[in-house]
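Participant: This is what each chain is made of:
2 protein chains.
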Amino acid sequence: MFRPQIKVMDCTVRDGGLMNKWQFSDEFVREVFKACNAANIDYMEIGYLSSESAFSRQEYGAWKFCSEADIQRAINGIDKKIKLSAMADIGRIEYNDIPPKPESSLDMVRVACYVHQVDAAIALAHHCMEKGYEATINLMAVSTVGLRDLEEALDDLAKSRVPIIYLVDSFGAFYSEDIDTLSQKYMASLPDKTIGIHCHNNQQLAFANTIAAIINGVNFLDGSLYGIGRGAGNCPLELLISFLKNPKFRLKPLVEVIESQILPWTKKIDWGYYIPYMITGVLNQHPRAAMAHMESDQKDKISDFFNRITSATDLV
Amino acid sequence: MFRPQIKVMDCTVRDGGLMNKWQFSDEFVREVFKACNAANIDYMEIGYLSSESAFSRQEYGAWKFCSEADIQRAINGIDKKIKLSAMADIGRIEYNDIPPKPESSLDMVRVACYVHQVDAAIALAHHCMEKGYEATINLMAVSTVGLRDLEEALDDLAKSRVPIIYLVDSFGAFYSEDIDTLSQKYMASLPDKTIGIHCHNNQQLAFANTIAAIINGVNFLDGSLYGIGRGAGNCPLELLISFLKNPKFRLKPLVEVIESQILPWTKKIDWGYYIPYMITGVLNQHPRAAMAHMESDQKDKISDFFNRITSATDLV
Numbered sequence: 006m007f008r009p010q011i012k013v014m015d016c017t018v019r020d021g022g023l024m025n026k027w028q029f030s031d032e033f034v035r036e037v038f039k040a041c042n043a044a045n046i047d048y049m050e051i052g053y054l055s056s057e058s059a060f061s062r063q064e065y066g067a068w069k070f071c072s073e074a075d076i077q078r079a080i081n082g083i084d085k086k087i088k089l090s091a092m093a094d095i096g097r098i099e100y101n102d103i104p105p106k107p108e109s110s111l112d113m114v115r116v117a118c119y120v121h122q123v124d125a126a127i128a129l130a131h132h133c134m135e136k137g138y139e140a141t142i143n144l145m146a147v148s149t150v151g152l153r154d155l156e157e158a159l160d161d162l163a164k165s166r167v168p169i170i171y172l173v174d175s176f177g178a179f180y181s182e183d184i185d186t187l188s189q190k191y192m193a194s195l196p197d198k199t200i201g202i203h204c205h206n207n208q209q210l211a212f213a214n215t216i217a218a219i220i221n222g223v224n225f226l227d228g229s230l231y232g233i234g235r236g237a238g239n240c241p242l243e244l245l246i247s248f249l250k251n252p253k254f255r256l257k258p259l260v261e262v263i264e265s266q267i268l269p270w271t272k273k274i275d276w277g278y279y280i281p282y283m284i285t286g287v288l289n290q291h292p293r294a295a296m297a298h299m300e301s302d303q304k305d306k307i308s309d310f311f312n313r314i315t316s317a318t319d320l321v
Numbered sequence: 006m007f008r009p010q011i012k013v014m015d016c017t018v019r020d021g022g023l024m025n026k027w028q029f030s031d032e033f034v035r036e037v038f039k040a041c042n043a044a045n046i047d048y049m050e051i052g053y054l055s056s057e058s059a060f061s062r063q064e065y066g067a068w069k070f071c072s073e074a075d076i077q078r079a080i081n082g083i084d085k086k087i088k089l090s091a092m093a094d095i096g097r098i099e100y101n102d103i104p105p106k107p108e109s110s111l112d113m114v115r116v117a118c119y120v121h122q123v124d125a126a127i128a129l130a131h132h133c134m135e136k137g138y139e140a141t142i143n144l145m146a147v148s149t150v151g152l153r154d155l156e157e158a159l160d161d162l163a164k165s166r167v168p169i170i171y172l173v174d175s176f177g178a179f180y181s182e183d184i185d186t187l188s189q190k191y192m193a194s195l196p197d198k199t200i201g202i203h204c205h206n207n208q209q210l211a212f213a214n215t216i217a218a219i220i221n222g223v224n225f226l227d228g229s230l231y232g233i234g235r236g237a238g239n240c241p242l243e244l245l246i247s248f249l250k251n252p253k254f255r256l257k258p259l260v261e262v263i264e265s266q267i268l269p270w271t272k273k274i275d276w277g278y279y280i281p282y283m284i285t286g287v288l289n290q291h292p293r294a295a296m297a298h299m300e301s302d303q304k305d306k307i308s309d310f311f312n313r314i315t316s317a318t319d320l321v
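First to last, the sequence lines map onto chains D and C. Here my numbering is used: the first residue of the first sequence is 6, the next is one more, and so on. Here my numbering is used: the first residue of the second sequence is 6, the next is one more, and so on.
Bear in mind the hints are in silico, worked out from the structure with no lab data behind them. Check the hints yourself; a few may be wrong.
Identical copies look the same in the list; a pair holds intra-copy or inter-copy alike.
[As the list claims (entries may be wrong)] Straight-line C-alpha distance at most 20 Å; calculated SDA-like pairs for lysine to any residue:
| hint | residue 1 | residue 2 |
| --- | --- | --- |
| 1 | K257 | A43 |
| 2 | K257 | A294 |
| 3 | K190 | Y180 |
| 4 | K257 | D84 |
Predicted model only: the values in this text are computed from it and were never measured.
Just need the whole structure built from these sequences, with the hints factored in.
Facilitator: Here it is as structure tokens:
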């Protein structure tokens, strides 16, 4: 029943950190690492690669940077089966700040870019591959990209040496029919590549859309524990693992770490299904306005948010 | 873009009441009625029809009974465009306790039954139709029904005069591929009937599965405000309305009533995505064990629940 090519990536620390500036304790990251390792998840994205000159450690937690010293605090002494990944944003990391692979516990660098940054993303991904890492390009916010720009980007990606290209629903705007259409387009345009999927849950469709992608042949699947991630969050990893029929995966370590590490964060930050996130998803907008609303002391004033955000739209 | 045959039913009070024994105030029900009416929702299920001799009003709120006096407190003085429905469970209502249609503000009775109760359900639905009501039969827990029993039930339903038959995912166990298969089976077996869909959200698939049913030709769609309903709850009505492209529907009254009436209940009862509900959904079990766990003072002890509930399964 299972498809052996499928690889699952946990994005708990990387995407969840967008909600708290990566202010996760070393214990939190270590426990998530231990659990994903024990559950036989294929990859764990432990944070972002960012230049220390671009961001302050006074403002951002360690997982915005993912230095080897940071990573060691999370993983040392544990028999590492899982591969580690970090995400790099175009313009937020200097090439020279990426260590050669022999000096790093990272196995993969995922380069996130918008459609106009594809050339820069290919160059950075190639650079990471030359340093010894696996690499992907995650083309963000594709729900806002027109057909001609998308086709040009996919043509450029097809000519690159980057082996894994992600379809990303940054705004949680897609229905499963959109995922069908785009998965098929990515696979037709990138016949020699592996396609990945990263969904957001604004319309409670992150898991369903990940399943739709699987049915269409997408093989790299992102999830996070209890769906923690920016705004409405991601595809819940525990649902994804319970769906996949690969007997190597184990659910129990994920339930345990949700109890010990994730549930306490539900009292501190508001990811998941909330009406402001739902509205920006329906409107195919960046969640920043919804996040600002949810961080205010007026977060239950959802009618005010609706009226403000829809004043320039036909949503009634 | 929209399909005019589609009808949407709000189940907020009826299914939500399974979480609080229908202890909703008259104001709550009135405001939900006003909002659904203003949003041009087609039907509102205002509760259950139950015999007063079978249940106590000291234990259960008015919406377990839905007498005409109860209903009038919710709707009097309001220009009623929406149709009203109540659900009847086999064995919990005496025929004589159902008033003739001219004495009632109800437009529809939905008869809920398990597969072994289909004959009794058909008789009750026919009785309601003879009294002047629209009627449906909602065949519950079909995720636990074997093929032969299902085919026999569908044959019986095909021979009945009941015009609307619901596919019900009581345990939140179905993936969209199950909905595809079953929607097609229901439509092929019941070519002269309208098919409905009622989903539960244990795996965050209630909305996605409702969309899958729509794509397969299902035309009666259940939802509830903010997904309120038993256990993980239902398909969120606001998501469903934002998806359907019928310009008659309005989203704003739903957002307003979620703010004024539903958000306060999120502080008192725990419907929605919680790991215990997810686990019973994955295991295709009734949510009662998960509900008992969530009502205990140990609700965050999800590992204990996982270990207890999976001790007789192969979920690891």
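Participant: Decide, hint by hint, whether the structure agrees.
Facilitator: Each hint, compared with the structure:
With identical chains, the CA atoms of K257 and A43 are at most 20 Å apart within one copy only, with a shortest distance of 9 Å there and 46 Å across copies. For a Cα distance limit of 20 Å, the shortest separation of K257 from A294 across copies, 18 Å, qualifies, whereas the shortest one inside one copy, 36 Å, does not. Only within a single protomer do K190 and Y180 lie at most 20 Å apart by alpha-carbon distance; the minimum there is 16 Å, versus 24 Å between protomers. In this assembly of identical chains, K257 and D84 lie within 20 Å of each other by CA distance solely inside one copy; the values are 19 Å within and 53 Å between copies.
The structure fails none of the hints (numbered hints given earlier).
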